[in-house]
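Chemist: Work out the full structure, taking the sequences as your base and the hints as a guide.
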Amino acid sequence: MKIPPGVSAGDFADAIKQFEDAVGKEWVFTSDEDVALYRDAYSPFWGEADELVASAAVAPDTVEQVQKVVRIANHYKIPIYPVSTGKDLGYGGSAPTYSGSVVLDLKRMNRILEVNEQNAYALVEPGVSYFDLYRYIQEKGIKLWVDVPDPGWGSPIGNSLDRGGGYLTALYRNHFDSHCGMEVVLANGELMRTGMGAMPGAQTWQQYKSGFGPWIDGMFSQSNFGVVTKMGFWLLPQPDAYLSGTVMVPKHEDLIPMIDILNWLENTNCTTGMPFLGSPLLSRGGPLSAGGPPPDAELTALLAKPIATTLNELDAYAQKKGVGFFSCTLSFYGAAEANAANWEFAKEKFSAIPGAKFVDGQSYKLPLTDEQKGNVNVPLFGIPSLRMFSIGARSEANPTPGNGHIWFAPIIPRTGEAIFEANRVFTDAAKELNLPVPSFSLPTCYWERGFIYLFGFPITHDIEANKRNRAAFDRLVQIAAQHGWGEYRTAPAHQASVMDTYSFNNHALLHFHETVKDAIDPNGILSAGRYGIWPKHLREAKG
Amino acid sequence: MKKLGACLVVALAFFLVATALPAQEAVSRSSAWTTSTTPSQGEPRGYVQYTNDCSMCHGEGVGKPGTLALQAKYKGAVPALLDKRTDLTQALIKQYVRNGISIMPIFRKTEISDADLDAIAAYLTRNNKP
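Chains as they are written, first to last, in this note's numbering: chain F, 915 to 1457; chain A, 7 to 136.
Mixed in with the good hints, there may be bad ones.
[Claimed, not checked] With beta-carbon atoms standing in for the labels, derived distance ranges:
| # | chain 1 | residue 1 | chain 2 | residue 2 | range |
| --- | --- | --- | --- | --- | --- |
| 1 | A | Leu98 | F | Pro1327 | 31 to 39 angstroms |
| 2 | A | Asn105 | F | Gly1055 | 34 to 42 angstroms |
| 3 | A | Asp120 | F | His989 | 30 to 38 angstroms |
| 4 | F | Pro1268 | A | Gly82 | 46 to 54 angstroms |
| 5 | A | Asp120 | F | Lys916 | 20 to 28 angstroms |
| 6 | F | Ile1434 | A | Gly82 | 32 to 40 angstroms |
| 7 | F | Asn1177 | A | Asp120 | 49 to 57 angstroms |
| 8 | A | Pro50 | F | Asp1284 | 18 to 26 angstroms |
| 9 | A | Ala97 | F | Gly938 | 50 to 58 angstroms |
| 10 | F | Lys1456 | A | Asn105 | 12 to 20 angstroms |
| 11 | A | Asn105 | F | Asp1284 | 50 to 58 angstroms |
[Unchecked claim] Derived contacts from chain A toward chain F, CB cut-off under 10 angstroms, selection only:
| # | residue |
| --- | --- |
| 12 | Lys70 |
| 13 | Gln77 |
| 14 | Ile109 |
| 15 | Met110 |
[Stated by the list, open to error] Here are the simulated EDC-like pairs of lysine to aspartate or glutamate, each with C-alpha atoms no more than 20 angstroms apart in a straight line:
| # | chain 1 | residue 1 | chain 2 | residue 2 |
| --- | --- | --- | --- | --- |
| 16 | F | Lys939 | A | Asp122 |
| 17 | A | Lys81 | F | Glu1310 |
| 18 | A | Lys115 | F | Asp948 |
| 19 | F | Lys1165 | F | Glu1335 |
Honestly, the hints are just simulated from the structure, not real lab data.
Only a predicted model underlies this, so the values are computations on that prediction, with no experimental measurement involved.
In this text, a Cβ means the ideal position worked out from N, Cα and C, and glycines have one as well.
Modeler: Right, dumping it as structure tokens:
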């Protein structure tokens, strides 16, 4: 049996016995075989001495059991690491950030406590997955949609606390922003509710977010200040209809006004769903987008050169072939007539760009039929799936798949100018780091006020390759920060290096986090090191 | 060098994800799980657990990474759908669930208990010839 660092074998044995008394012997895992199930399957340290691994795992079923486990851990100063469904692959999975921690596995806490159709919210426990919540709502015939991330096996609580996103209207896409009220077990075992939940018998815990006094919910996201055991989420009432439409602009520099108009349309609520950027021209070049026609000889020759040197020639080619250089697909959720009117209005606005063309997209009266569900990108309709894992899985195009991925994901300004600048910077960086050089990359539009780039790094079981990729990743983090672009979320292997870039005024923000950490978790038992926040005794040990 | 080459190919695929995603609507996706496979009462436990725990990746329809991967691996020599196979052993099924393979992760006992895994393994080997 592994022993957590800084804990005596005797104390650990006593604690394990008490954990067993608290949750039942069958839900305390200490054998090497069982503890190995908590390895991060997508660990960039796979097979190395530095791989982040658990010493044991404890799986409570109730809040009271969580409180007992936390009190025991606090008494013996045992590091513990809560996970919800443990499927945050690419961001640590079910493995701890501080090797040797005991994983507090909350998967058994899988109760859907309430789904309220009248006020459109749900209250759930951490072990509930998006699949679970969707299935519950379907079986009950409740006319509410859940905004789902790409992998549906994740937990609404875990995903929102890690600040993940989805695809529906802006109010719901940011999963942390769409939460309303939480229940937290603190490091001393005390139970706390936030927002209106702090009032005994509150009737609006899931209806009014901030309650009274400081609104502290954000402190429990991307942090290690407490164990969240309940969270409320606002759900989207099933819309009347869905409509999509695509605008295509002819020249590369049209990207700039296209984004400006998109932003205006989105921020005035004309278009409500998540927009998608694309390039009909570059999709002909092969890997940029599936489904485009193959390039002819002329385009192949142009794409063989660095794209920054051929933009004007590509403009001429696009004009000659009548194909758009860039595109933006809008989606509308609402009354069918209103959707159609909003799309017409969007066309009118985009028509300010000379040569803009439009293609009507999918139009559905909701809910979708089973047959229609087979023809759509299901997360856009609040339906969970695992389709994202098709990227990276074995396929005809990828006959030798890796063993997972992590994401380099900087936030950049929501402007066309920033897209061109990011492409210049990341192309140069890719050359410097001997990474494959993307011809041109477009960001995604999860957040309505900032773009996010998603560059995947493969995880392999080749230790040297992982080492090179980790070094390249950290260098990219630095390069992005030099341009004022910060990561929105990252894997444990890089959390400290990313936090290091949020360094305004001599790391004042991190110092604040550490002050809070030391005050509310003086023994430093909760998720040590998560998001770069280390407890005092480990900061001192690290010097 | 072979390993490095393979790694870079994958890196290429991944490094371009940012631009591969926008063609969302061009991709037809169906989900057996989301349409008709919520198990009804009285179904065998192995079928129920397989449906709940495995079919989102290994079921029928476009956009099922497990099915696509097995089609690419075996090219029809054996069925891409796990529940159509007759050559799997229970030990092999358990090995993959508890250790993962390629991008398929490890599944913990709080997700799929030993008893549920026994049932899944029995279901997936139900048609094996003795």
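Chemist: Hint by hint, note whether the structure agrees.
Modeler: How the hints compare with the structure:
no., hint, in the structure
1, Leu98/A with Pro1327/F: 31 to 39 angstroms, "violated, 51 angstroms"
2, Asn105/A with Gly1055/F: 34 to 42 angstroms, "holds, 40 angstroms"
3, Asp120/A with His989/F: 30 to 38 angstroms, "holds, 31 angstroms"
4, Pro1268/F with Gly82/A: 46 to 54 angstroms, "holds, 51 angstroms"
5, Asp120/A with Lys916/F: 20 to 28 angstroms, "holds, 22 angstroms"
6, Ile1434/F with Gly82/A: 32 to 40 angstroms, "violated, 58 angstroms"
7, Asn1177/F with Asp120/A: 49 to 57 angstroms, "holds, 53 angstroms"
8, Pro50/A with Asp1284/F: 18 to 26 angstroms, "holds, 24 angstroms"
9, Ala97/A with Gly938/F: 50 to 58 angstroms, "violated, 28 angstroms"
10, Lys1456/F with Asn105/A: 12 to 20 angstroms, "violated, 33 angstroms"
11, Asn105/A with Asp1284/F: 50 to 58 angstroms, "violated, 35 angstroms"
12, Lys70, "holds, 8 angstroms"
13, Gln77, "holds, 9 angstroms"
14, Ile109, "holds, 5 angstroms"
15, Met110, "holds, 8 angstroms"
16, Lys939/F with Asp122/A, "holds, 19 angstroms"
17, Lys81/A with Glu1310/F, "holds, 9 angstroms"
18, Lys115/A with Asp948/F, "holds, 8 angstroms"
19, Lys1165/F with Glu1335/F, "holds, 17 angstroms"
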